[in-house]
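Novice: With the hints as extra help, turn the sequences into a complete structure.
These protein sequence lines map, in sequence, to chains U and W. All residue numbers for the first sequence refer to the numbering used here, where the first residue is 1 and numbers rise by one. All residue numbers for the second sequence refer to the numbering used here, where the first residue is 1 and numbers rise by one.
Please note that a few of the clues may not be correct.
Only part of the chain W face toward chain U is listed, based on derived beta-carbon distances under 7 Å [as the list claims (entries may be wrong)]: (1) Arg134; (2) Ala135; (3) Arg139; (4) Arg183; (5) Thr184; (6) Val185; (7) Ala192; (8) Arg195; (9) Asn196; (10) Glu198; (11) Phe202; (12) Ala203; (13) Gly204.
Derived lysine to any residue pairs resembling SDA-like cross-links, with alpha carbons at most 25 Å apart [unchecked claim]: (14) W:Lys2 x U:Ala374; (15) W:Lys3 x U:Phe181; (16) W:Lys313 x U:Ala341; (17) W:Lys3 x W:Val307; (18) W:Lys2 x W:Arg314; (19) W:Lys2 x U:Phe181; (20) U:Lys340 x W:Arg206; (21) U:Lys340 x W:Glu310; (22) U:Lys49 x U:Phe181.
Read the hints as simulated data drawn from the structure, not as lab findings. Where a beta carbon is used, it is the ideal one built from N, C-alpha and C, also for glycine.
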Amino acid sequence: MTGARLVAQGIAKRFPGVVALDGVGLEVGVGEVVAVLGENGAGKSTLMKILAGVQPADEGSLFLDGREIRFTSVRDAERQGVVLIHQELNLCDNLSVGASMYLGREPRRGFLVDEAAIEDGARRALARLGVAIDPGRSIESLSLAQRQLVEIARAIAIEARVVIMDEPTSSLGEDDAERLFRVVDELRRDGVSVLYISHRLGEITRLADRVVVLRDGRFAGELTGAGIERDAMIRLMVGRDLGQFFHRSPHEPGEVVLEVVGLRTREHPGASVDLTLRAGEVVGLAGLVGAGRTAILHAIAGVDAGSGGEVRIRGRSAGLPAHPADAIAAGIALVPEDRKAHGALLDLDVRQNIGLGRLAADSRRGFVDREREAELASAKIEELRIRTPDDRQQVRYLSGGNQQKVVLARWLATEPAVLLLDEPTRGIDVGAKEEIYGLLDDLAKRGVAVLFASSELDEVLGLSDRVLVVRDGHVQGELSGAARTEEAVMRLATAERGVSP
Amino acid sequence: MKKNLGILLLLLGVSAVTAAISPAFLGFENIENLIRRSALFGWISVGAAFVILTGGIDLSIGSVICLVGCLAPWLLVDLGWSPWVALPSLLLLSAGLGLGHGLLVTRLGLQPFVVTLCGLLLYRGAARGLTQDRALGFRGEYSGLRELATGQWDVPFVPGFQVPVPATLLLALAVVCGVVLGRTVFGRHLYALGRNEEAARFAGVRTEAVTTAAYVICATLAGLGGLLFAFDVGSVQASSFGNFYELYAIAGAVLGGCALRGGEGTVLGVLLGAALMQVLRNATNLIGIPTQLEFAIIGAVILSGVVLDEVVKRVAAGRRARTTTGGR
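Specialist: Okay, structure coming up:
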């Protein structure tokens, strides 16, 4: 296609302690679909936020149709024709479809909102997408996929010249995803430029005219046309061969440590889960978003009590843990997915964060053993190589990787029999990832049973002895040895869709 | 600690200005009264602080004070109960009210504001209905008990000056609460869940139990405070006794450095904050500002203190952000 629509040059963005983007350039032409790829923490989302006016860049310049621009806000970017469709959709649930499409730029007649114009505009934009949604319906009555389509219709109503989609298919089923792809094709035909972020390499091959790969906040490479294929993309993202990245020492699994029998989660009340973990084993939970991996881990850890089933540790029943404290007492520790909301206590210091798991166990008649707490913290800081000025530093000021190590340290201090981890390396840099992989390997060597969930397939395959593939709340299949391939995992994860959620 | 120093300086500053304008401020009798009032209000502020540390609020403090303060003379004098029965019953009643608040907040997930607002209306209404708005008093009896609020100790080497008994009671309470908050597992858990309740729960803290305990402590201290206030004034009327005391208690705690979002605050700070509130009331009185303006003055001073605190925090945060990114 001809002509560059949006050009970014030398974009840099720093956050306290992290360089998110370090001089990145990006160009998207008229009617071109450019996929932006990179591991978590590579800087994709930050770049998209800068392009859409969510946050300003520290350095660099933007050009739209050859004219230098500087967005002051999302609203400003939208006025100029650049629209970001968020990962988490920001529609106001209580509004109607039409009202939410025109939120903040309502057409007026005198002092009143021109409802007829809204209805008319919304209807036309939705029709352009070939979507049959009544503009009068409320957002909360729509499915996630429909909400996504409403967001795209909103971009059309704004007459967007550039549409940025941040992981649009992460919560969609196959049919809805396919419809979304057709909409993207439609946009391309109409000369709209699309920036498309996704972790699903298959759909990028299907959609993108060009792929730009970011790594650690820098431009890592570019692929076009027939060059857009899976291995090339992975090589650019990871920057080295996968084999070196994961270390898994050879070992013999020991006695059975964790048995989960007939576990039912509230998220998928119709499905039940059975699984067994041996000492020294690392087992990966794979599956699509919404498949129920997190729900299973949460039920075992007592965070969201399950609705039925039993958990046994070394043959002794721990019942169905009703509270995290019960699970911890039984020897189960969980490193949760959302580090900032559920894992670390950001306002407390490193020492207290590490000590929290053992606080009650080490107390004497309810009093905190402060000496022991300090010893524990310094021992763990050394053992896990947590980079912090001292143990009184607020965890808020540590990098993502070090925050995650603090959470891990807390749980290692409780000497768990079973360590559960949910997306253990989300949002942390490559170096810290490697250290955490090494740590998990060490733990397994010491006889801890490790069960982790991850959406990153290479992580699941590279790290685990066995892979359990979860779908619709139950274990759809198990893969071990040479059978652990991406294709096999994806086949199980997307296996014939029974009842759709 | 830095924050407590700030409140202390503010307290000394306001005292100095008041003393300069009105020498009566430094009179022994005035100081004794000031200490007594600060101690009584400090007592209920410490209770409020426990709930505020969880990120909650207790608006029912004044009404619990009223209910207990009215029931005490009614049970003791009108019904002739033995103090050994009446006083423990009243404490149990207060603790029970707190337990109710805590369970409604943690089990049913109701908002603390709503639960305790209803408590505010309910308990005062109950007290007024029960007493028919009659004035109740101790009629010269129970002078021993009343000494707890009105008594004074001689101070060696300072002839003519006496320390009110409530000050010693508060001192004891402060030491106990300071140790509980700073040194016990319960205290740690309270601060942790105040900062991030979900993360604390994931870490194995029994957040529901700890939060409920905070409401029980707050209401029990309010009940004890109700007894002390009643002993202090000697005669109570349900329609007015303890009115707005929850606001004095909360304002003292907040002024003393408790963040309403939870997880922040110290006992020492709360004592200083509660004292500052009383000094401000005393100052408006002595300086000759019309009583009608008392609330306006207090409101203005608190607001400027909080604004100043926020401005200082932002300047500090800005400086920190610059040094972090500048390090590259």
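Novice: Each hint should be assessed against the structure and marked as holding or not.
Specialist: To see whether the hints hold, each was checked on the structure:
1. Given the 7 Å rule on beta carbons, the hint for Arg134 of chain W is violated: about 45 Å separates it from the nearest Cβ of chain U.
2. Residue-level restraint check for Ala135 of chain W is violated (minimum Cβ-Cβ distance to chain U is 44 Å; threshold 7 Å).
3. A distance limit of 7 Å between C-beta atoms decides the matter here; for Arg139 of chain W the minimum to chain U is near 44 Å, and the interface restraint is violated.
4. Because the closest C-beta pair between Arg183 of chain W and chain U is about 5 Å apart, less than 7 Å, the hint holds.
5. Annotation: interface hint on Thr184 of chain W holds; nearest CB of chain U at approximately 5 Å, less than 7 Å.
6. Residue-level restraint check for Val185 of chain W holds (minimum Cβ-Cβ distance to chain U is 5 Å; threshold 7 Å).
7. Given the 7 Å rule on beta carbons, the hint for Ala192 of chain W holds: about 6 Å separates it from the nearest Cβ of chain U.
8. The interface hint given for Arg195 of chain W holds, since its Cβ lies 5 Å from the closest Cβ of chain U, which is under the 7 Å cut-off.
9. Among the interface hints, the one on Asn196 of chain W holds; its C-beta lies about 5 Å from the nearest C-beta in chain U, closer than the 7 Å criterion.
10. A least Cβ separation of about 5 Å between Glu198 of chain W and chain U falls short of the 7 Å threshold, and the interface hint therefore holds.
11. Of the supplied interface hints, the one on Phe202 of chain W holds, with its beta-carbon coming within about 5 Å of a beta-carbon of chain U, less than 7 Å.
12. Of the supplied interface hints, the one on Ala203 of chain W holds, with its beta-carbon coming within about 5 Å of a beta-carbon of chain U, less than 7 Å.
13. Contact between Gly204 of chain W and chain U, as hinted, is supported at the beta carbon level, the nearest pair being about 4 Å apart and thus within 7 Å.
14. At most 25 Å may separate the alpha-carbon atoms for a hinted pair to count; Lys2 of chain W and Ala374 of chain U meet this at roughly 23 Å.
15. Our distance criterion of 25 Å between C-alpha atoms is broken by Lys3 of chain W and Phe181 of chain U, whose separation comes to about 57 Å.
16. Restraint check for Lys313 of chain W and Ala341 of chain U: the C-alpha separation of about 23 Å stays at or below 25 Å, so the hint holds.
17. Our distance criterion of 25 Å between C-alpha atoms is met by Lys3 of chain W and Val307 of chain W, whose separation comes to about 14 Å.
18. The hinted pair formed by Lys2 of chain W and Arg314 of chain W meets the criterion: a straight-line CA distance of about 15 Å does not exceed 25 Å.
19. Of the supplied pair hints, the one linking Lys2 of chain W and Phe181 of chain U is violated, its CA atoms being roughly 58 Å apart against a limit of 25 Å.
20. Only pairs whose Cα atoms come within 25 Å are accepted, and Lys340 of chain U paired with Arg206 of chain W is accepted, the gap being roughly 20 Å.
21. For the hint linking Lys340 of chain U to Glu310 of chain W, the alpha-carbon distance of about 24 Å falls within 25 Å, and the restraint holds.
22. Proposed proximity of Lys49 of chain U and Phe181 of chain U is supported: the alpha carbons are some 22 Å apart, at most 25 Å.
When the structure is compared with the earlier hints, violations turn up for hints 1, 2, 3, 15, 19 and for no others.
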